[in-house]
Amino acid sequence: MSQFEQDAHLKQQSDRALSDHELQADHTRQKTHELPAHFDFQQAGKQVLSIERDGLAQLDQYIDDNFTLACKNIFHCKGKVVVMGMGKSGHIGCKIAATFASTGTPAFFVHPGEASHGDLGMVTPHDIVIAISNSGESHEILSLIPVLKRQKVFLICMTSAPESTMGKAADIHLCVHVPQEACPLGLAPTTSTTATLVMGDALAVALLQARGFTAEDFALSHPGGALGRKLLLRVSDIMHSGDEIPHVPHDASLRDALVEITRKNLGMTVICEADMKIQGIFTDGDLRRIFDMNIDLNSARIADVMTAGGIRVAPQTLAVDALNLMQSRHITSVLVAENDRLVGIVHMHDMLRAGVV
339 MSQFEQDAHL KQQSDRALSD HELQADHTRQ KTHELPAHFD FQQAGKQVLS IERDGLAQLD
399 QYIDDNFTLA CKNIFHCKGK VVVMGMGKSG HIGCKIAATF ASTGTPAFFV HPGEASHGDL
459 GMVTPHDIVI AISNSGESHE ILSLIPVLKR QKVFLICMTS APESTMGKAA DIHLCVHVPQ
519 EACPLGLAPT TSTTATLVMG DALAVALLQA RGFTAEDFAL SHPGGALGRK LLLRVSDIMH
579 SGDEIPHVPH DASLRDALVE ITRKNLGMTV ICEADMKIQG IFTDGDLRRI FDMNIDLNSA
639 RIADVMTAGG IRVAPQTLAV DALNLMQSRH ITSVLVAEND RLVGIVHMHD MLRAGVV
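Those letters in the sequence shown? Residues 339 to 695, per the working numbering, in order.
Just so you know, the hints here were simulated from the structure itself, not pulled from any lab data.
Just so it is clear, CB atoms sit at the ideal spot from N, CA and C, and this is done for glycine as well.
Among the hints, erroneous ones may be present.
[Claimed, not checked] No more than 20 Å apart at the CA atoms, straight line, and that leaves these computed lysine to aspartate or glutamate pairs for EDC-like:
#1 K418 / D465
#2 K416 / D465
#3 K418 / D634
#4 K418 / E452
#5 K615 / E676
#6 K506 / D403
#7 K615 / D594
#8 K433 / D539
#9 K602 / D581
#10 K490 / D509
#11 K410 / D457
#12 K615 / D581
#13 K602 / E582
#14 K433 / E452
#15 K602 / D622
#16 K418 / D509
#17 K418 / D581
#18 K410 / D509
#19 K433 / D465
#20 K418 / D457
#21 K615 / D678
#22 K615 / D642
#23 K487 / D509
#24 K426 / E478
#25 K490 / D457
#26 K490 / E478
#27 K568 / D659
[Unchecked claim] Computed spacing ranges between beta-carbons, pair by pair:
#28 M631 / R667: 20 to 28 Å
#29 D555 / Q380: 37 to 45 Å
#30 G550 / E582: 36 to 44 Å
Start from the sequences, fold in the hints, and give me the full structure.
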């Protein structure tokens with residue numbers, strides 16, 4: 339057999355072996371994706387919940403004197419709370435920092451890896467660092483501790499191992515040890531991350547209560563949310579004002595009033611004195627009633643057919659309160675007045691556009 343034939347034969351054997359290997363790999367992949375017969379997803383899910391519930395029940399014993407000390411130090415902190423964590427602990431840390439920030443404790447998250455390359459400059463001696471690691475041996479965090487100590491930054495470590503390096507280095511250690519992970523392999527952080535998140539919630543909510551934090555305070559950090567709109571938005575923020583207000587003098591004709599209603603497109607007009615003092619209102623609903631009364635539109639005066647007074651609110655009234663008033667009185671608009679003088683009008687459509695409804 340020539341050298342060429344030998345090389346061709348070897349290549350053929352190699353290709354055959356490679357093909358057999360690929361077939362075996364394909365078979366393995368297909369086998370991996372096969373659903374076991376009669377696998378009970380509900381039972382598997384309930385087992386996870388059971389394990390995590392048991393883990394959280396164990397956490398109760400760690401709401402102790404260390405927890406109280408941590409809360410007191412955070413309460414009196416003159417700076418911010420800086421949360422750190424790697425991997426899944428980092429994801430949990432981001433949520434804990436966000437919960438702190440939205441409940442009255444200024445906080446932010448710093449990635450330990452980025453902290454080692456300049457972001458540690460965000461941390462000042464007035465801050466408190468909460469470092470999270472299940473094992474307590476995260477080398478990215480351990481490398482930062484000497485610098486934090488040198489800067490005299492107060493350090494709270496949250497781990498499952500009080501005797502770990504981080505546990506011993508902490509000014510306060512918060513234990514989050516759980517008996518087992520919900521992952522059957524005992525590898526994926528499941529119960530441990532839930533316990534850490536709950537410990538963070540316990541800190542944040544305990545501090546919220548200690549500060550007397552209110553729903554209005556919460557809304558200030560959530561202006562874009564539904565609660566923020568309900569607790570912050572005032573009538574003056576959304577009302578029609580100036581030339582947008584439909585109004586006519588009390589000696590105007592009914593025809594003049596109808597022109598004003600059509601021009602301003604709010605389905606009503608306000609009858610005012612020269613100084614904008616409110617005399618009454620006239621709506622498109624009133625117009626329908628007038629047609630039934632056979633009143634001459636050309637000769638009638640608006641003062642003769644208007645509804646005296648008019649439901650009104652002050653400019654500083656919360657928009658949600660004005661909405662509740664409109665709904666309870668079955669009206670689609672409300673007058674905005676100061677000392678009986680008209681300064682604006684709010685229509686139901688304004689509430690819808692502002693997201694109050």
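Hints, one by one, checked against the model:
1. K418 / D465: Holds: K418 and D465 sit about 5 Å apart, inside 20 Å.
2. K416 / D465: holds, 7 Å
3. K418 / D634: Status violated; Cα separation ~72 Å.
4. K418 / E452: At roughly 18 Å apart (the allowed maximum being 20 Å), E452 and K418 satisfy the hint.
5. K615 / E676: Roughly 9 Å separates the two Cα atoms, so the pair holds.
6. K506 / D403: Between K506 and D403 the Cα gap is close to 16 Å, so the pair holds against 20 Å.
7. K615 / D594: holds, 19 Å
8. K433 / D539: holds, 9 Å
9. K602 / D581: Cα-Cα ~9 Å, so holds.
10. K490 / D509: Given pair K490, D509 holds - Cα atoms ~11 Å apart, limit 20 Å.
11. K410 / D457: Cα-Cα ~27 Å, so violated.
12. K615 / D581: Given that 20 Å is the threshold and the Cα spacing comes to 16 Å, the pair holds.
13. K602 / E582: Holds, at roughly 6 Å.
14. K433 / E452: Holds - the C-alpha atoms of E452 and K433 are around 18 Å apart, at most 20 Å.
15. K602 / D622: holds, 12 Å
16. K418 / D509: holds, 17 Å
17. K418 / D581: violated, 47 Å
18. K410 / D509: holds, 13 Å
19. K433 / D465: holds, 18 Å
20. K418 / D457: holds, 15 Å
21. K615 / D678: Holds, because 6 Å separates the two Cα atoms, which is no more than 20 Å.
22. K615 / D642: With Cα atoms ~17 Å apart, K615 and D642 stay inside 20 Å; holds.
23. K487 / D509: holds, 10 Å
24. K426 / E478: Holds, because 14 Å separates the two Cα atoms, which is no more than 20 Å.
25. K490 / D457: Since the Cα atoms of K490 and D457 sit roughly 17 Å apart, the hinted pair holds (cutoff 20 Å).
26. K490 / E478: holds, 19 Å
27. K568 / D659: Measuring from Cα to Cα gives roughly 9 Å; hence the hint holds.
28. M631 / R667: 20 to 28 Å: At 24 Å between Cβs, range holds.
29. D555 / Q380: 37 to 45 Å: The hinted range 37 to 45 Å holds for D555 and Q380, with Cβ atoms some 41 Å apart.
30. G550 / E582: 36 to 44 Å: Holds: the Cβ-Cβ distance is about 41 Å, inside 36 to 44 Å.
Hints 3, 11 and 17 from the earlier list are contradicted by this structure; the remaining hints agree with it.
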